[in-house]
Each structure stands twice: as C-alpha cells, then as structure tokens.
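Undergrad: Residue numbers are given in my numbering: position 70 of the sequence shown equals residue 324, and the series is strictly consecutive.
Just so you know, these hints were derived from the structure itself, not from any lab. We put the beta carbon where it would ideally sit given N, CA and C, even for glycine. Hints may contain errors.
[As the list claims (entries may be wrong)] No farther apart than 27 Å at their CA atoms in a straight line, the calculated lysine-lysine pairs in the DSS-like style are these: (1) K351 - K364; (2) K291 - K333; (3) K260 - K291; (4) K364 - K291; (5) K333 - K321; (6) K364 - K260; (7) K298 - K364; (8) K291 - K264; (9) K370 - K293; (10) K321 - K298; (11) K264 - K293; (12) K260 - K333; (13) K370 - K333; (14) K264 - K333; (15) K351 - K381; (16) K321 - K381; (17) K381 - K364; (18) K260 - K370.
[As the list claims (entries may be wrong)] Quick list of simulated restraints, FRET-style, between CB atoms: (19) V271 - Y372: 16 to 26 Å; (20) Q269 - I306: 18 to 28 Å; (21) K298 - N343: 39 to 49 Å; (22) A349 - D312: 29 to 39 Å; (23) A349 - D265: 16 to 26 Å; (24) G270 - D297: 37 to 47 Å; (25) N268 - K293: 25 to 35 Å; (26) K293 - E257: 15 to 25 Å; (27) E294 - E331: 16 to 26 Å; (28) F295 - V344: 12 to 22 Å; (29) D329 - Q300: 23 to 33 Å.
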Amino acid sequence: YIERIKQLQKDFQNQGVIIIGMNANDAIISPTESFEKMKEFADKNQLNFPYIRDVTQDVAESFGVDKTPEAFLLDREGKLRYRGLIDDNVNQPEAVKVAYLHQAIAQLLKDEEVTKSYTEVVGCSIKWRD
255 YIERIKQLQK DFQNQGVIII GMNANDAIIS PTESFEKMKE FADKNQLNFP YIRDVTQDVA
315 ESFGVDKTPE AFLLDREGKL RYRGLIDDNV NQPEAVKVAY LHQAIAQLLK DEEVTKSYTE
375 VVGCSIKWRD
C-alpha cells in the first residue's frame, strides 16, 4: 500500500490534508518493527508523509485498532469521518475498483457527507506488548 498512500499525500497535500503513518507494533515481539527499521523503511521508500511510532500503543488502543493497515480520516474538529480500508484491493493496485479513503477525503473536502464511513479491515494483527 505504500505507493498508494504516497499518492494520496500528493493528491491532497495542497488542500490541507496530512497523511500520517503510524506503527503500533511492539518492537520486542516483532524486532523488524523497531524505530531503526522504521527509519530504514521510510528512507528506502522515500515517504512523503510523517511516519511515527506508537511506542506505548495507547493511540492504537484508543482507536480500537486490531489490524493493519487501517485508515482513519479525521475532520478539522477531530471527528472521525471514515475508518477502514484504503481501497478494495490490497494486492493489485491496478485492479482497485473503489478507493475508499480517496473518496472519503474528496467528499470531506467538498463539505459533503462521507457516504461510506466504515469498511471492514483485512490485514495483519497488531503485535501487542505483553
């Protein structure tokens, strides 16, 4: 999904949208999720958005995250307007029929109702600390 997320940032950055990537996996349970590995990942993939670490996992817990990737779209007042999948095809970008997050952002920017505010996430489980 990384290229699609970078494209979302490009598409909407001039309209005040900020994409933030967050890693909530416990680095002790999953050493490939360490801060050093995150920095390597960000550099290798030339991320154009902030990529932060939820060391305490408090943010993920407060949002009820259990799988990744999961998108959350908040409006200017901090109200959750969309939660779920980035789009409808995790494996094949060229086969995407519905770009849920893109659609929700576009609707929000036009002051329209976000017509699909939730989609069920399919992905890897969060590696919770003990």
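Undergrad: Next, verify each hint and record whether it holds.
TA: Each hint, compared with the structure:
Between the alpha carbons of K351 and K364 the distance comes to roughly 22 Å, so the proposed pair stays at or under 27 Å and holds. Annotation: proposed proximity of K291 to K333 is violated, straight-line Cα distance about 32 Å (limit 27 Å). For the suggested pair K260 and K291, the alpha carbons sit about 19 Å apart, so the restraint of at most 27 Å is met. Only pairs whose Cα atoms come within 27 Å are accepted, and K364 paired with K291 is rejected, the gap being roughly 38 Å.
A distance of roughly 21 Å separates the Cα atoms of K333 and K321; the hinted pair therefore holds under the 27 Å criterion. The straight-line distance between the Cα atoms of K364 and K260 is roughly 21 Å, inside the 27 Å bound, and the hint therefore holds. Restraint check for K298 and K364: the C-alpha separation of about 34 Å exceeds 27 Å, so the hint is violated. Under the criterion of a C-alpha separation no larger than 27 Å, the hint pairing K291 with K264 is consistent with the structure, at around 24 Å.
Distance hint between K370 and K293 is unfulfilled; the C-alpha atoms sit about 34 Å from each other, more than 27 Å. With a C-alpha separation of about 24 Å, the suggested pairing of K321 with K298 holds against the 27 Å cut-off. With a CA separation close to 21 Å, the supplied pair K264 and K293 stays within the 27 Å bound. Distance hint between K260 and K333 is fulfilled; the C-alpha atoms sit about 23 Å from each other, no more than 27 Å.
Taken as a hint, the K370 and K333 pair is honoured in the structure, with Cα atoms around 15 Å apart against an allowance of 27 Å. Restraint check for K264 and K333: satisfied, since their Cα atoms lie roughly 23 Å apart, inside the 27 Å limit. With a C-alpha separation of about 30 Å, the suggested pair K351 and K381 falls outside the 27 Å cut-off, and the hint is violated. Distance check on the hinted pair: K321 and K381 sit about 9 Å apart at the alpha-carbon level, within 27 Å; holds.
Among the hinted pairs, K381 with K364 is inconsistent with the structure: their alpha-carbon atoms are about 37 Å apart, more than 27 Å. Between the alpha carbons of K260 and K370 the distance comes to roughly 22 Å, so the proposed pair stays at or under 27 Å and holds. Between V271 and Y372 the beta carbon distance is about 20 Å. The supplied range of 16 to 26 Å therefore holds. For Q269 and I306, the Cβ-Cβ distance of about 22 Å falls inside the hinted range of 18 to 28 Å, so the restraint holds.
The beta-carbon spacing between K298 and N343, approximately 24 Å, falls outside the hinted interval of 39 to 49 Å. Roughly 36 Å separates the CB atoms of A349 and D312, a value that falls within the hinted 29 to 39 Å. A C-beta distance of roughly 19 Å is found between A349 and D265, which places it inside the suggested range of 16 to 26 Å. Separation of G270 from D297 is about 26 Å and departs from the stated range, judged on CB atoms against 37 to 47 Å.
Restraint check, N268 to K293: a C-beta distance of roughly 27 Å satisfies the suggested window 25 to 35 Å. At roughly 19 Å, the beta carbons of K293 and E257 sit within the given window of 15 to 25 Å. One distance hint, 16 to 26 Å for the beta-carbon pair E294 and E331, is violated here, with the actual separation near 36 Å. Our hint of 12 to 22 Å for F295 and V344 holds, since their Cβ atoms are close to 18 Å apart.
A C-beta distance of roughly 29 Å is found between D329 and Q300, which places it inside the suggested range of 23 to 33 Å.
In this structure, the earlier hints numbered 2, 4, 7, 9, 15, 17, 21, 24 and 27 are contradicted, and the remaining ones agree with it.
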